[in-house]
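Student: Chain by chain, the residues run as shown.
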Amino acid sequence: MSSPTPTDNINLSKRLADFPTLPDALDYAAQGETGFNFYSSRGDLEHVLPFAKLSARAKAAALNLVGGGVVPGDRVALLAETAPAFLVAFFACQYAGAIPVPMPTPVAFGRRDAYVDQIRNQITSSGSRMVITPEGFLPFVEDATNGLDLLLIGTLNDLTALPKGDSLKSGGPDDLCYLQYSSGSTRFPKGVAVSHTNLMVNCAAMNKAVGNASGERAVSWLPFYHDMGLVGFMLGCLTSQTTVDYLSTEDFARRPLTWLRLISDNKGTMSYGPSFGYELCSRRFASSSATAPDLDLSSWRVAGIGGEMIKPLVMRGFDDVFRPCGFSNRSFNASYGLAECVLGVSFSTPGTGMILDHISKQELGDNHRAIPVEDDGSGVGRTFVACGRIIAGHTVEIRDEYGRAMAEREIGRVFFDGPSVMRGYYGDQEATDACIHDGWLDTGDLGYFIGDELVIVGRSKDMMIVNGRNYWPQDIEWTVERMEGMRSGDAAAFTLEQDDGGEKPTILVQCRPSAADVRDAIAAEVRARVQDQVGLACDVILVPPRTLPKTSSGKLARGKAKASFLTGDLQPLAPSA
Amino acid sequence: MSAEPSDGASPDVRAAVLEVLQTFNKTDVILKHGTRFTEDLNFDSLLVMEFIAALEDRLDISVPLNVLPDIETVGQLVVAATEIVREEHG
Chain A
36 MSSPTPTDNI
46 NLSKRLADFP
56 TLPDALDYAA
66 QGETGFNFYS
76 SRGDLEHVLP
86 FAKLSARAKA
96 AALNLVGGGV
106 VPGDRVALLA
116 ETAPAFLVAF
126 FACQYAGAIP
136 VPMPTPVAFG
146 RRDAYVDQIR
156 NQITSSGSRM
166 VITPEGFLPF
176 VEDATNGLDL
186 LLIGTLNDLT
196 ALPKGDSLKS
206 GGPDDLCYLQ
216 YSSGSTRFPK
226 GVAVSHTNLM
236 VNCAAMNKAV
246 GNASGERAVS
256 WLPFYHDMGL
266 VGFMLGCLTS
276 QTTVDYLSTE
286 DFARRPLTWL
296 RLISDNKGTM
306 SYGPSFGYEL
316 CSRRFASSSA
326 TAPDLDLSSW
336 RVAGIGGEMI
346 KPLVMRGFDD
356 VFRPCGFSNR
366 SFNASYGLAE
376 CVLGVSFSTP
386 GTGMILDHIS
396 KQELGDNHRA
406 IPVEDDGSGV
416 GRTFVACGRI
426 IAGHTVEIRD
436 EYGRAMAERE
446 IGRVFFDGPS
456 VMRGYYGDQE
466 ATDACIHDGW
476 LDTGDLGYFI
486 GDELVIVGRS
496 KDMMIVNGRN
506 YWPQDIEWTV
516 ERMEGMRSGD
526 AAAFTLEQDD
536 GGEKPTILVQ
546 CRPSAADVRD
556 AIAAEVRARV
566 QDQVGLACDV
576 ILVPPRTLPK
586 TSSGKLARGK
596 AKASFLTGDL
606 QPLAPSA
Chain B
252 MSAEPSDGAS
262 PDVRAAVLEV
272 LQTFNKTDVI
282 LKHGTRFTED
292 LNFDSLLVME
302 FIAALEDRLD
312 ISVPLNVLPD
322 IETVGQLVVA
332 ATEIVREEHG
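Those protein sequence lines, which keep their order, are chains A and B. The numbering used here runs 35 ahead of the 1-based position in the first sequence. The numbering used here runs 251 ahead of the 1-based position in the second sequence.
What the hints contain is simulated information worked out from the structure, not anything from laboratory work. From a predicted model like this one, the values you see are computed outputs, not experimental measurements. C-beta: ideal position from N, C-alpha, C; glycine also. Warning: the hint list may mix true and false statements.
[Unchecked claim] Pair by pair, the computed Cβ-Cβ distance ranges are:
1. B:E339 / A:G414: 51 to 57 angstroms
2. A:G182 / B:L282: 37 to 43 angstroms
3. A:V83 / B:D308: 23 to 29 angstroms
Could you put together the complete structure from these sequences and hints?
Tutor: Printed below as a string of C-alpha cells:
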C-alpha cells in the first residue's frame, strides 16, 4: 500500500485561497505533492488522492460531462460519500463550469421512503441534469428520479464511459461554484448558492483565522454534504494546499476513537467537530476496557468546535479523558458560522482555549441583556462559550427588533455583512429577500458581543439541531398534520434549551378527543410517526383545540407558541393517570 | 422468537444479533422478529451506528450503509446479517 500524501509540499509555496476561481486553486495545488487520504473505520489507509491526481482525473471526467450534454451553469447532483469518486465528480463539475450539488447519504435504519423523498426534493429543487452516485445507492437514486428527464443517472464509471466533449469552459469569479442543501427543510429545501468569489474570500479568511501555515495537517470525519465538511475540511484545505486525512462519518460514528488515532499517527494539527463528536469519543473510551488511551494528541493545535450550541461540560469531559494523551484544552477553538456565509463567521484566537461567560438567566429572558453572575451551581445562570472574533473583511452587527444596532452585552439578532454572503437561495428569490437586506444577511441567530468576541445564545430562526443533525419544524408539523384526525395548524415543533447547552425536541399538538386512553394513543402515534418520518424522538405535549397562536395571516406563530408554553400561558391538557 | 418465518436466516446469526442488541436495548420491549428499531426501541442514528459497530465486531463482518434504509425490524436485520456473513466467510 502506498503512503499518505505528505504534510508539506517540497517546492510549492503555501497560498491561502488567493485564487480567482476554484479550478485555479486546484491547478495550483496540483503542482505539489499534498492531497487527500481516505482511511477505513479501523484506521487503515485505503485511498490516496494527491491534488495532482485529483486534478487530472477531474479534467478527464469533465470532458465526459460535456460529452454527456452538460453545459456551463447546469446543476449536477452528487451523492456525497467520503470517497475519491465524489471529489473527482465534484471537480469535474468545476472544470466543466457545472454546479455540483452534494446530497446526503442515508444513515439510519428504515426510513427508505423519507430518504428517497429528501433526495428527490433536492434534485428537483436544484433542477439537476445528472445524478452521480456510488453503485450501492443507485437503487435509491433510481426511485428518487422516477419520471424525471435526466441526462445521466449512474456511477462515476458510467460518467467516464460517456463520449468526451471537445473543450472545457469553467466558471468565472462571479459564477456559481456549488449549491449547498444543509440549510432548509427536507420538505421545503433551500439551496445555498455560493460563487467562486464568495468561496475564496471565506476560505482565505478562515485559513488566516486558524493560522494555517507550513506544517499544518488536517484530519476530518465531517460529511461532504454539510458545510463544515465540504467547505471547512475539503475546499478550505484544497485552496490552501493542505493535506487532509479523512474518516467517513459513518465510520466515525461506529468507531469514534479512530478519529483520534489518525490525529495521533499522522501528527494532525487541525480538526473540527460539533460537541457531540467530542462526547462520542469520551463516552466510547469510558465504555472500553482500556485504562489509558494509547494516543499522542500533542500535535493537535486547533481542536475546533462548531455546528451546534457548544456544551462546556462536554468539552471539559473530553479534556479530562484525553489530557493524559498530551491533549491541551488550550487547543479548543470555538467558532461560529453558517452555510449562508459560505461557512466561517467568527473564530477564537488559536491557543487560548474556550472563553466562558456565565450570565443571569433572568436578565437573558426578561431584558435581553448578558449580565455576568457567579457560577455557584445555584442555577440562576447559564454558561455560554464565546465564539471568537469576526473574520477579516467582514462585519457583524447585533440588532434589536426595530433594526437598531445594540451595545455590548445586549442580546439581539446577529446580522452579517461582507463578501462571503451567499448569492442567495437557488431559484428562490422570496426566501433570499427574506434574509438578505441591503447586503446584510440576517443569520436568524441571537447573540451579543463581549468586546470583539461574539457569543451566540440561540437561534431565532426555527432550525432544530440535535446531535449535529439539522431538523426543520415544518417537516415535523407537516408529518403530524397529515395524520388522521389532524388539520393544518394543529402542531408546533421547537426545541427547549437545556441548562447543559443541549436542546430537547418538543411538539405541541392540538387534541380534540377528551377520553384519556384516546389521548394517550394519539400522543404515542404522533411520537412514532415523527420518529419514523423525520427520524427524531420528540416529547409530545397535547394542548386543547384552538390554543396554538396564529399570525395575522393565519400561519402558525411557532415562536409565540413556544414562549406561551414556557410562561405557562399555554397549558397542556392534564396527563392521564 | 416463536413462529419464525423460514427466511433462510442462520440461527447463530440470530442469536448473535439478539445478544448484542439486548445490550443496546434501553426499553422494556422484549425483542422479537417484528420488533422495530425506531418505533419500538427508539434507536436514533447515533445509536444505530454504535450498535452496528458492536455487531460487526461480534460477527467479524462489515455492514454497508446502503442496507440500512431497507431494514426496519430485528428479523430483517438477521436476514441481512446472515447474507453478509455468508458472503464474507463463505
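Student: Using the beta carbons of B:E339 and A:G414, state whether their distance is inside 51 to 57 angstroms or not.
Tutor: With Cβ atoms ~53 angstroms apart, the hint holds.
Student: With respect to the beta-carbon atoms only, verify the hint that A:G182 and B:L282 lie 37 to 43 angstroms apart.
Tutor: Given about 40 angstroms between the Cβ atoms, the range holds.
Student: Between A:V83 and B:D308, does the beta-carbon spacing fit 23 to 29 angstroms?
Tutor: For A:V83 and B:D308 the Cβ distance comes to about 27 angstroms; the hint holds.
No hint from the list above goes unmet by this structure.
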